[in-house]
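Colleague: Full structure from sequences and hints, please.
Going letter by letter, the sequence shown gives residues 5 to 58 in this note's numbering.
Any given hint could turn out to be false.
[To be verified] Derived Cβ-Cβ restraints for the label pairs, each shown as a range:
(1) V28 / S7: 19 to 27 Å
(2) S39 / I19: 50 to 58 Å
(3) T46 / T24: 29 to 37 Å
(4) G25 / K57: 47 to 55 Å
(5) V20 / Q41: 14 to 22 Å
(6) K57 / M32: 35 to 43 Å
(7) Q55 / L17: 19 to 27 Å
(8) S56 / T24: 45 to 53 Å
(9) N42 / I12: 13 to 21 Å
(10) I43 / G11: 32 to 40 Å
(11) I43 / A18: 38 to 46 Å
(12) E52 / W8: 21 to 29 Å
(13) N42 / I16: 20 to 28 Å
(14) L47 / I27: 25 to 33 Å
Treat the hints as calculated values from the structure; they're not laboratory data.
The C-beta atom is built at its ideal place from N, Cα and C for all residues, glycine as well.
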Amino acid sequence: MNSWLYGIYAIILAIVSIFTGEIVTFVMLGFILISLQNILSTLKKLVEVNQSKK
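Modeller: Given below as structure tokens:
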């Protein structure tokens with residue numbers, strides 16, 4: 005996925021969390037999204053390294 009798509013998801017979640025009053029949930033989901041993005045980028049780098057060794 006593109007990074008701008010994550011931005012759209014974050015904006016939608018922010019609007020919903022403001023209306024429902026779940027600001028803490030929004031922050032926690034943001035941390036989860038950031039950590040998953042970091043894991044994905046690390047895995048992509050590992051795949052590239054393994055493919056270049058073949």
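Colleague: Confirm or reject each hint.
Modeller: Tested hints:
1. V28 / S7: 19 to 27 Å: 24 Å, holds
2. S39 / I19: 50 to 58 Å: Roughly 23 Å apart at Cβ, these two residues miss the hinted range, so it is violated.
3. T46 / T24: 29 to 37 Å: 33 Å, holds
4. G25 / K57: 47 to 55 Å: At 51 Å between Cβs, range holds.
5. V20 / Q41: 14 to 22 Å: 20 Å, holds
6. K57 / M32: 35 to 43 Å: Distance hint for K57, M32 holds at roughly 38 Å.
7. Q55 / L17: 19 to 27 Å: 35 Å, violated
8. S56 / T24: 45 to 53 Å: For S56 and T24 the Cβ distance comes to about 47 Å; the hint holds.
9. N42 / I12: 13 to 21 Å: Holds: the Cβ-Cβ distance is about 20 Å, inside 13 to 21 Å.
10. I43 / G11: 32 to 40 Å: 19 Å, violated
11. I43 / A18: 38 to 46 Å: 23 Å, violated
12. E52 / W8: 21 to 29 Å: This hint holds: roughly 23 Å between Cβ atoms.
13. N42 / I16: 20 to 28 Å: 22 Å, holds
14. L47 / I27: 25 to 33 Å: About 31 Å separates the Cβ atoms of L47 and I27, which means 25 to 33 Å holds.
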